[in-house]
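Visitor: Sequence:
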Amino acid sequence: MPQTRRILLAVCLVVLAGCRLDAEVAVEMQSDGTGIVTVTATADAELVDEVPDLAGQLDLSDARDAGWRVGEITETDGGGARLTLTHDFGSAREATVLLRSLGGPLSSVTIRHVVEGEEGDADASATNSLAGTARLARGFEAFADRALVTAVGGKPFSQRLGDRSPADTMSITLSAELPGTLDETNGERDGAITRWELPLDGSEQQLRLVTSQGPEDGADWAGPLATIALVAFIAWVVAAAGFVAYVLVRRAQH
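Taking the numbering used here, the leading residue of the sequence shown gets 1, the next gets one more, and so forth.
Treat the hints as calculated values from the structure; they're not laboratory data. Think of the CB as a built atom: it goes at the ideal place given N, C-alpha and C, for glycine as much as any other residue. The reader is advised that the hints may include incorrect statements.
Label pairs and their computed distance ranges (CB to CB) [unchecked claim]:
1. Thr-86 x Asp-190: 16 to 24 Å
2. Arg-93 x Arg-64: 21 to 29 Å
3. Ala-131 x Gly-67: 21 to 29 Å
4. Ile-193 x Asp-77: 29 to 37 Å
5. Glu-116 x Asp-77: 15 to 23 Å
Make a model of the complete structure from these sequences and hints.
Guide: Written out as structure tokens, the structure is:
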């Protein structure tokens with residue numbers, strides 16, 4: 001079973017226990033297009049009561065093998081439990097693959113980091129975007145595959161769910177922090193972070209976020225050439241100052 005399916009299996013087991021799960025998927029991109037995806041799942045106190053050995057029940061070895069860093073399960077103030085997984089990405093394309101691998105309403109999300117000009121030039125600019133349609137069209141089946149259904153007991157899986165839907169038992173929030181100046185978005189802004197509450201009732205929600213970076217947004221993303229130029233300029237100033245001082249001293253001696 002793929003590592004993401006094993007994570008989603010844990011989600012289904014939470015639902016089968018009659019509990020609630022709230023998940024947040026956060027994307028944080030740096031100015032050079034690299035960054036990190038963080039998945040935080042918070043289960044309510046009822047789940048902790050139903051499954052006291054929650055840490056022992058979850059086997060996330062596949063996630064670790066795929067590069068996810070799995071944190072320790074911690075207790076929330078309300079007696080629930082929280083689990084955090086993180087994964088670095090080296091490009092916008094890798095970020096897209098990570099998000100889509102989580103399945104569910106994130107299956108069509110695309111992240112882009114488009115540089116105009118030569119990467120590394122001080123005059124280069126970049127446009128960053130997150131776009132897609134969030135939809136959970138088939139309810140819990142959108143998370144499941146044959147191996148997952150077998151793992152939770154085949155037909156009893158659907159019988160135990162009854163009339164419950166994802167919207168009744170869980171929530172998924174997507175947040176994104178892209179570098180640069182905000183151009184447009186249809187999400188809720190909180191400082192530099194944009195958030196969307198993803199629909200889990202079969203309806204669709206468009207996701208749109210665009211930011212732009214210019215040379216003034218920082219030499220760290222402009223690249224090593226700008227840094228080399230700055231160092232060379234400083235070296236020239238120091239050398240010139242030394243030469244001027246030398247000339248003045250020589251003149252004073254004569």
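Visitor: When you take the CB atoms of Ile-193 and Asp-77, is the distance between them in 29 to 37 Å?
Guide: violated, 22 Å
Visitor: The hint says 21 to 29 Å between Arg-93 and Arg-64; measuring C-beta to C-beta, is that right?
Guide: holds, 23 Å
Visitor: Does 15 to 23 Å hold as the CB distance between Glu-116 and Asp-77, or does it fail?
Guide: Roughly 47 Å apart at Cβ, these two residues miss the hinted range, so it is violated.
Visitor: Is the gap between the beta carbons of Thr-86 and Asp-190 within 16 to 24 Å?
Guide: holds, 20 Å
Visitor: When you take the CB atoms of Ala-131 and Gly-67, is the distance between them in 21 to 29 Å?
Guide: Between Ala-131 and Gly-67, where Cβ atoms are some 25 Å apart, the hint holds.
Going through the hint list in order, the structure does not satisfy hints 4, 5.
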